[in-house]
Amino acid sequence: MAEQGSGAQLCAASAASCLLLACGYVGSLYVWRSQLPRDHPTVIKRRFTSVLIVSALSPLWLWMWRQHTGFKTGPPLLKLMGVHLEGIVAATCLPLLLTMVLFFGPLIQLVMDYPWDFIDGVKMFLDPRFWVQCLADMRWMRNQVVAPLTEELVFRACMLPMLVPCTGLSRAIVTCPLFFGVAHFHHVIELLKFRQGTVAGIFLSAVFQFSYTAVFGAYTAFIFIRTGHLIGPVLCHSFCNYMGFPAIGAALDHPQKLTIIFFYLLGVVLFFLLLFPLTDPAFYGSLAVCHLTRPDTSTSVCT
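Each residue of the sequence shown is one higher than the one before, starting from 241 at the first, in the working numbering.
There could be a bad hint or two in this list.
[As the list claims (entries may be wrong)] Have a look at the derived ranges for each label pair, beta carbon to beta carbon: (1) R379 to P495: 26 to 32 Å; (2) P517 to F485: 25 to 31 Å; (3) A255 to F448: 23 to 29 Å; (4) W303 to S526: 33 to 39 Å.
No lab work stands behind these hints, which were simulated from the structure alone. Computed from a predicted model, the values in this text were never measured in an experiment. The beta-carbon is built from N, C-alpha and C at its ideal position, and this holds for glycine as well.
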């Protein structure tokens, strides 16, 4: 009975900590009163300040959770959060490669519809002026840098270590994205505020976004636990933000739709074939988060 009570207290503390952290992240977006839309540069800059402060404090929140629950020993805090150099090259390259494989069809579609040839594209990519323009674009910085970094830090690197001792690794992969998905419901407030669509349409869009972000969150949680690194989820998040949801309707209407559909299907098949081999923990060193759970609940994910 004592163990059950202790387990219940641990789960309550973990769930409450994750919920408060998620509320703190989303709430920080609304500390600035403004009538401007979310894509206005002024709004984006202010929100950068808020989320960066919350993200910087989130490791302290995880440390306080460890102190409160008794998980004071074990891996160092930064390693538990996936911030370390062991296996860093594999952690940087392999998860991103795996994600690109999943988007094989959309990438082929993008190449087919791209107005420039491959050589011109490479020249543009290597041109420093291109990156200067990107860094000066507040929307690009939000979508490709700040949002991936801060969301993965808060919703994966800090929440997963708090959930794993309660739920086990596999359930944590499913549970953690719920906080991430719910956090994106705040877009409904802004869509309603600026009347960007009907009420029914806005809520249907929110439900779709919740489903999509929850599935994506489960994927990056899987990557985080399998690799023990934060860099992989951040890069995958940035890449997916750039690609967006696959334009399946445009693919079906494309003049070369059979070719594109073939690569869509090929990408999905290869993704599932490579999912476990490319995230094999042997590439990434010791997995700190696996020390927070019982061996019988970690074998399917940590080995």
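Supplied distance hint 25 to 31 Å, evaluated on CB atoms of P517 and F485: holds (26 Å)
Outcome for the supplied range 33 to 39 Å, where the beta carbon pair is W303 and S526: violated (21 Å)
Range hint 26 to 32 Å (beta carbons of R379 and P495) holds or violated: holds (31 Å)
F448 and A255 - C-beta distance against the hinted 23 to 29 Å: holds (26 Å)
In the structure shown, a violation is registered for the earlier hint numbered 4 alone.
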